[in-house]
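Residue numbers (this note's numbering), protein chains in the order written: chain A, 1 to 211; chain B, 1 to 237; chain C, 1 to 464.
It is worth saying that the hints were derived from the structure and are not from the lab.
Cβ coordinates follow ideal geometry from the N, Cα and C atoms, glycine included.
Mixed in with the good hints, there may be bad ones.
Only pairs whose alpha carbons sit at most 30 Å apart, straight line, appear in this in silico DSBU-like list of lysine-lysine [unchecked claim]:
id, chain 1, residue 1, chain 2, residue 2
1, C, Lys15, C, Lys452
2, B, Lys153, C, Lys449
3, C, Lys15, B, Lys128
Covered stretches of chain A, as calculated for chain C (at least 3 residues, CB under 8 Å) [to be verified]:
id, stretch
4, 21–27
5, 59–73
6, 174–186
Pulled from the structure, derived: some chain C residues nowhere near chain B, Cβ distances all over 10 Å [stated by the list, open to error]:
id, residue
7, His90
8, Leu167
9, Glu353
10, Glu399
11, Glu411
12, Asp440
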Amino acid sequence: MTARSSILDRVRIALANREVVAHPGSFEGWRPFMHSGNPTEQFTEMFEKAGGEVVSFKTQAEASLWVRGFLADFDSLSVGELARGRLNEDAEPDKWIEETDPSAAEAGASLAFGAVAETGSLIMTPQDGRRAQLLPPVHVVFLDQAKIYKGLSEGFVALKNEVLPGDNESGGLPSAVGLHSGPSKSADIGQVLVKGVHGPGRVVAVIIESA
Amino acid sequence: MKAALFATCLGDQFYADACADAVRLLRYAGVDVDVPQSQTCCGQPAYNAGRKPEAIRMAYQTLDTFDSADYVVLPSGSCAGMIRCFYPDLMNNELERAQDLAARTYELSHFLVEVLGIRDLGSGLKGKRIAYHHSCHALRELGVCDHPISLLKNCGAEVVSWEADEECCGFGGLFSAKLPEVSAAMADRKLDTLPGVDFVTSTDGGCLLQLSGRGDRHRLSVQFRHLASVLWEGVGL
Amino acid sequence: MSFSGPKHYRVESAKSLKDRPSVRASVTSATDTFNANRSDAYSQIDSDLWRDWARDVKSHALTNLDQYLEQAETQLLANGAKVHWADTAHDALRLLEEIVRDHGISTAVKAKSMLSEELGINEHLEDLGVHVRETDLGEYIIQLIGEPPSHIVGPAIHRSLEDCQRLFHEKFGTPLDDGPDALAATAREALREEFLAADLGISGGNFLVAETGTVALIENEGNIRLSTSLPRVHIALVGIEKIVPRLEDVSGFVQLTSRAATGQPIGNFFSLIQGPKRDGDIDGPEEVHVILVDNGRTRLLADDKAWEALRCVRCGACLNICPVYRQTGGHPYGWTYSGPIGAIIAPGMLGIEEAMPLPYASSLCGACVDECPVRIPIPELLLHWREKAVEKGLTSAIESAGIKAYTKAAERPAIFRAAGAMLRHIPLEAGGRALPILSDWVKERSAPKSSKKSFMQQWKEGIE
Ligand code: SF4
Chain A
1 MTARSSILDR VRIALANREV VAHPGSFEGW RPFMHSGNPT EQFTEMFEKA GGEVVSFKTQ
61 AEASLWVRGF LADFDSLSVG ELARGRLNED AEPDKWIEET DPSAAEAGAS LAFGAVAETG
121 SLIMTPQDGR RAQLLPPVHV VFLDQAKIYK GLSEGFVALK NEVLPGDNES GGLPSAVGLH
181 SGPSKSADIG QVLVKGVHGP GRVVAVIIES A
Chain B
1 MKAALFATCL GDQFYADACA DAVRLLRYAG VDVDVPQSQT CCGQPAYNAG RKPEAIRMAY
61 QTLDTFDSAD YVVLPSGSCA GMIRCFYPDL MNNELERAQD LAARTYELSH FLVEVLGIRD
121 LGSGLKGKRI AYHHSCHALR ELGVCDHPIS LLKNCGAEVV SWEADEECCG FGGLFSAKLP
181 EVSAAMADRK LDTLPGVDFV TSTDGGCLLQ LSGRGDRHRL SVQFRHLASV LWEGVGL
Chain C
1 MSFSGPKHYR VESAKSLKDR PSVRASVTSA TDTFNANRSD AYSQIDSDLW RDWARDVKSH
61 ALTNLDQYLE QAETQLLANG AKVHWADTAH DALRLLEEIV RDHGISTAVK AKSMLSEELG
121 INEHLEDLGV HVRETDLGEY IIQLIGEPPS HIVGPAIHRS LEDCQRLFHE KFGTPLDDGP
181 DALAATAREA LREEFLAADL GISGGNFLVA ETGTVALIEN EGNIRLSTSL PRVHIALVGI
241 EKIVPRLEDV SGFVQLTSRA ATGQPIGNFF SLIQGPKRDG DIDGPEEVHV ILVDNGRTRL
301 LADDKAWEAL RCVRCGACLN ICPVYRQTGG HPYGWTYSGP IGAIIAPGML GIEEAMPLPY
361 ASSLCGACVD ECPVRIPIPE LLLHWREKAV EKGLTSAIES AGIKAYTKAA ERPAIFRAAG
421 AMLRHIPLEA GGRALPILSD WVKERSAPKS SKKSFMQQWK EGIE
């Protein structure tokens, strides 16, 4: 007998006389996403509370300009696959950007799939590149305001419904999704809070208001 | 109003004077107090040791003893919790009687406030600084939280805040003898955080035995007194 | 270093209290912080309703576990992941060994996983010649020290800042007065190299979503994301009880679990892993293996009462609030899961004989049940296992005889009172030492003082 069938058999025997509990359905009580009418405000509040930074611009061009200025302070950069287009918009191409591998970069730029207001989370997908999202100590993330979802479940639904660029499985989730809700943290040393333990110690969400 | 006092096994032997004060307090509040002579033990020590059959026998003994009482009042949150929360489960072939007893059973301060509607007993505790220890079972099984504290305050006492007031003292019946080292450390956590007070009080003799026994080892001068006696002093007669 | 089993609980807890008072201090202060954060986080949400919901979702999943496990498997396979099943720890280690050999793996990074502790993964991999590195900062610290975790969420909470300063000084030559930031930077640098070099990443799984075949992982440091993103092979060890039916359920569970564990609205990083790297992904592991582990879980599921403990999401709230756990941390419990949850799953997973005396390592204060996000009736289950222990004759004969005699007396009020009167005349402080149960009591405390006259006597004589 395989382990699979022996485990499933034991489960069935254990459950033979057990009353089946019904699934309660979606959670109907108060949830943080009901807290404010404005998801952007709530996202900002939550993300900042967790130690993240938020800046906001009317247009993509303004946002790109700001990010380029921000990144100019660092000696080495890595840019996510999807973020690259956003970064260079309106800029004279290749004037400033020199990319390195994320493992050596001082800062990284990414494009979020979207964000969740109730938890203050950026939704990151592998089409942009996971290493660029995780390895550089400083992480700048473009975020379209239209894609800030009120609740986590809405964010999941959006992920499932969207055919992501480069993703050949429509309707499913990407291979891996990361929710980033502020900088990397730990209190494992003497219960003192430390930032930037493994992931980025500084995360800046750059909101673009117009689509 | 008539009520029966259940002194409990521990109260009868170790907190006899507090039980007597409970009688005085109830009488002062206009209650006709009876002490049924067939009372012994509620069965909690056996129940907590995992010995249901023995606990059930003691539960029946208690049920028979207090069957006809209008109210059963105990100077113990723990034993009152045993009757209120666990008797119905233990005596399922006498479920109605057990539920009925459970509904009539109260810890002393709970009874004074909830049933008798008493707020002010007197002013006999003026100027006293008191720390109140929440007995786990009074707090979590019975929901007795503000009742004793407001009575103490209304008698003029200052009930000082105590970081660990809701933490278990480490008594736990047999637990204190089975794992005495951890149990003692739990008491120490209470004593280490204890603010400067005239005395410590609680609804439960078990907790007080534990805290005073450990306090004595550390040669603490603070007194540990049963709530019934403190409230009787609060009446100030 | 690994655990030696629960049976030494009393000796080990006494030793910890006596020989290492700093453990008690560190654990008390860390759990105080956890408790304050949790109660704050609970107060911001409708935590009662939310916990009722979570209890029901988990109970639903567990009472349909076979179907959901099959569904999860089907989905994972469709996602391109590989699925394995392990009856026992031994089976899980063998599966791991096969994967390691097939891929010629020589270095592994590990993200914190209590299941991997339970299975003894590290020792086994080291025996196979694989270099294994714990990457959660707390796990890293205790791996360097060579001790098992003391808490299911904060493995190193029993260690003070000074302990860490000394450790890093010895291992890396850092100055003894390096603060937490500097120490963390040292660890980051050392671990970064290991992340980049590792062939294999090993993780646990907080939830396994049947609907989407998702392994969901909550963390704060980013080491789980790195361990599951960088190496070419990822192995997720998942207990079969981790099932939740729908992706939408996870949106509730990640928030509730984070609030219960650390008081955060959500962990800083939340990973949803469906499978290996696809076309169009820039990076990610080439293979994802999910090992579904039983190792005593179906045994616990078979218990009519204690199966409810399988709802546990390992948030650690019951440990943090437990006044027994708080005195010593987790080590004296002698196995991976300590505190109240450890005490109620040990008898089901290991067998009651192996789990003694853990069901008795509680004063039944009930503080835990008010905090548990999935409403496991912990005190009730402790009593349940105590009953089983008595049935199996695992408690002391003296205690058994004592309670029987006591019960007999309690049924005869006259005898009960006569016995009480007798007891009152024994000088307890001295005489107590000779009596079986009292002797343990007076070891740590002064003997109780009997009243001069029993209450019943006073009543008979009339109370003024
Ligand atoms: S039993 Fe409840 S409180 Fe304890 S770790 Fe599990 S989920 Fe958390």
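ask   = With a Cβ-Cβ cutoff of 8 Å, does the stretch 174–186 of chain A contain at least three residues near chain C?
value = holds (count 13)
key: 10 Å cut-off, C-beta based - C:Leu167 kept clear of every residue in chain B   = holds, 26 Å
key: chain B versus C:Asp440 - minimum CB to CB distance exceeding 10 Å, so not interface   = violated, 4 Å
key: Assertion that chain C covers the stretch 59–73 of chain A - criterion: three or more residues, beta-carbon distance below 8 Å   = Coverage by chain C is violated here, the residue count being 0 at a Cβ distance below 8 Å.
message = Taking beta carbons only, do three or more residues of the stretch 21–27 of chain A come closer than 8 Å to chain C?
response = That given contact holds, which follows from 6 residues of the stretch 21–27 of chain A lying within Cβ reach (below 8 Å) of chain C.
message = Given the hinted pair C:Lys15 and B:Lys128, is their Cα-Cα distance within 30 Å?
response = Not OK: C:Lys15 and B:Lys128 at ~40 Å, beyond 30 Å, violated.
request  = Measure nothing beyond the straight line between the CA atoms of B:Lys153 and C:Lys449; if it is 30 Å or shorter, mark the hint as holding.
outcome  = holds, 29 Å
task = Confirm or reject the statement that C:Glu411 sits farther than 10 Å, beta carbon to beta carbon, from all of chain B.
result = violated, 5 Å
inquiry  = Beyond 10 Å on every Cβ pair: is that true for C:Glu353 relative to chain B?
reply    = Fine: 15 Å to the nearest Cβ keeps C:Glu353 off the interface.
Assertion that C:Glu399 lies outside the chain B interface [Cβ separation over 10 Å] = At roughly 7 Å from the nearest Cβ of chain B, C:Glu399 sits no farther out than 10 Å, so the non-interface label is violated.
key: Beyond 10 Å from every chain B Cβ - status for C:His90   = holds, 32 Å
key: Straight-line alpha-carbon gap C:Lys15 to C:Lys452, limit 30 Å   = violated, 38 Å
Going down the numbered hints, you'll see the structure goes against 1, 3, 5, 10, 11, 12, while the others check out.
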